[in-house]
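*Asks:* So you can see what is in the structure, the chains are spelled out below.
Protein chains: 2
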Amino acid sequence: MNERLKQQMNFLIEIDKLKSIFRQSHLIDGTRNENDTEHSWHIAVMAMILAEYSNEPIDVLRVIKMLLIHDVVEIDAGDTYAYDVKGYEDKYEREIKAADRLFGLLPEDMHLEMRGLWDEFETCESAEARYANALDRVQPILLNYLSGGKAWMAHGIRRSQVMARNEFSKDGSEVIWAYILEIINDAVDKGYIVKG
Amino acid sequence: MNERLKQQMNFLIEIDKLKSIFRQSHLIDGTRNENDTEHSWHIAVMAMILAEYSNEPIDVLRVIKMLLIHDVVEIDAGDTYAYDVKGYEDKYEREIKAADRLFGLLPEDMHLEMRGLWDEFETCESAEARYANALDRVQPILLNYLSGGKAWMAHGIRRSQVMARNEFSKDGSEVIWAYILEIINDAVDKGYIVKG
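Those protein sequence lines, which keep their order, are chains A and B. 205 is the number that the numbering used here gives the last residue of the first sequence; the numbers go up by one with no jumps. 205 is the number that the numbering used here gives the last residue of the second sequence; the numbers go up by one with no jumps.
Chain A with its partners taken away, still in its complex shape:
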């Protein structure tokens, strides 16, 4: 078999492990936690359905590629909960190491392309990355709200924490952020999120 295809298939086989990396969010029906591949699929579909609400013109293919691979590093680095301050201290360092190993399985040109997309997503320095990051933040809020606020309540999350972490989503989409802000406020009213 040709070496290039073998490297590509090895990467595609390795990332099957992302199906076993579970997040704090629950499925909307509340039956279980969601994993990284389910989350990635969901936000990729969101990217195509909600593209018209990006603040800036975007290349939808670049956004979707970014979203499909943005969590792959968690195969090695694990999922760091949004409000885990300690976990965030070395998150980036752990994820850089993971990116080197995982994208490094690919042929060099693709290694560079995927690593470029991942870096772009992380640094949020393009219209595509701003829109992609907004979706990445908005989807768990939607799931937490519709599954009865379990993940927030389990950690006693406050409105100010939710805002500090997510408000920058409006840089990606003012329209989607306005929709989510209503949800956040209703979640406070319902007691899912602590006031203040």
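Hints may contain errors.
Where chains are identical, the list cannot tell them apart; a pair therefore holds if satisfied intra-copy or between any two copies.
As the list claims (entries may be wrong) - With a straight-line cut-off of 30 Å between C-alpha atoms, the simulated BS3-like cross-links for lysine-lysine are: (1) 106 - 204; (2) 15 - 159; (3) 26 - 179; (4) 26 - 106; (5) 159 - 106; (6) 100 - 199; (7) 159 - 199; (8) 204 - 159; (9) 199 - 15; (10) 179 - 15.
Just so you know, the hints here were simulated from the structure itself, not pulled from any lab data.
Knowing the structure of chain A, use the given hints to seat chain B on it.
*Replies:* For chain B alone, kept in the frame of chain A given last:
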């Protein structure tokens, strides 16, 4: 809230249910069955990594959109196992009804776009659909093989059945099909698939 965004969000909320539609394939580590969203994510990543092997030039964005939504109908119609002859009798009828309801949640222009992509995938009448269908067939073969042939052995699947169902994948990609054919033959040698 604007009616259009509300319809789009209702669709995005409804499709969360696809995370609970399980398939016959197992994760590569053999721990459990895979669900439709994990499968859809996996083949969408394959579409971008393996695009160079499509027999014909393709629009990768169209392929990925098709793959992300191709199984959404199974929310209502359920997963029909590849070798379930009885299930296949009314599969298309059940899925058409599901497509009407689910894509019908979207604003009319998007309903038509998504339904068009789904029809195109089902009828396999474009270069994009041929490549997309090849990936949809190839991924479960890869998973079944690497998880020790569980799904094939549970149903006593024969090589001729695997070939009859999957050989058309070569219309999408000769290169990927050659890779998978080696796997099928090795699966026969290993006793995962019945000879003949």
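*Asks:* At most 30 Å between alpha carbons: which applies to residue 26 and residue 106, within, between, both or neither?
*Replies:* Classified as within; 17 Å inside a copy, 34 Å across copies.
*Asks:* Between copies, within a copy, both or neither: which fits residue 179 and residue 15 at Cα up to 30 Å?
*Replies:* Between copies only: 18 Å across chains, 42 Å inside a chain, cut-off 30 Å.
*Asks:* For the identical chains here, do residue 159 and residue 199 meet the 30 Å Cα criterion within one copy, between copies, both, or neither?
*Replies:* Answer is within: at 12 Å inside a copy they meet the 30 Å cutoff, but 46 Å across does not.
*Asks:* Up to 30 Å between alpha-carbons, please classify residue 26 paired with residue 179: within, between, both or neither.
*Replies:* between (32 Å within a copy, 28 Å between copies)
*Asks:* First find the shortest C-alpha distance between residue 100 and residue 199 inside one copy, then the shortest across copies, and answer within, between, both or neither for a cut-off of 30 Å.
*Replies:* Intra 32 Å, inter 42 Å, cutoff 30 Å: neither.
*Asks:* If the cut is 30 Å between Cα atoms, do residue 15 and residue 159 qualify within a copy, between copies, both or neither?
*Replies:* Between copies, since 24 Å is at most 30 Å while 43 Å is not.
*Asks:* Is it within a copy, between copies, both, or neither that the alpha carbon of residue 106 lies no farther than 30 Å from that of residue 204?
*Replies:* neither (38 Å within a copy, 44 Å between copies)
*Asks:* Are the CA atoms of residue 199 and residue 15 at most 30 Å apart within a copy, between copies, both, or neither?
*Replies:* Between copies only: 21 Å across chains, 52 Å inside a chain, cut-off 30 Å.
*Asks:* Up to 30 Å between alpha-carbons, please classify residue 204 paired with residue 159: within, between, both or neither.
*Replies:* So residue 204 and residue 159 pass the 30 Å test inside one copy only (16 Å; across, 51 Å).
*Asks:* Have a look at residue 159 and residue 106 and pick one of within, between, both or neither, based on CA distance no larger than 30 Å.
*Replies:* Intra 32 Å, inter 34 Å, cutoff 30 Å: neither.
Consistency with the previously given hints fails for numbers 1, 5, 6, ordered from lowest to highest.
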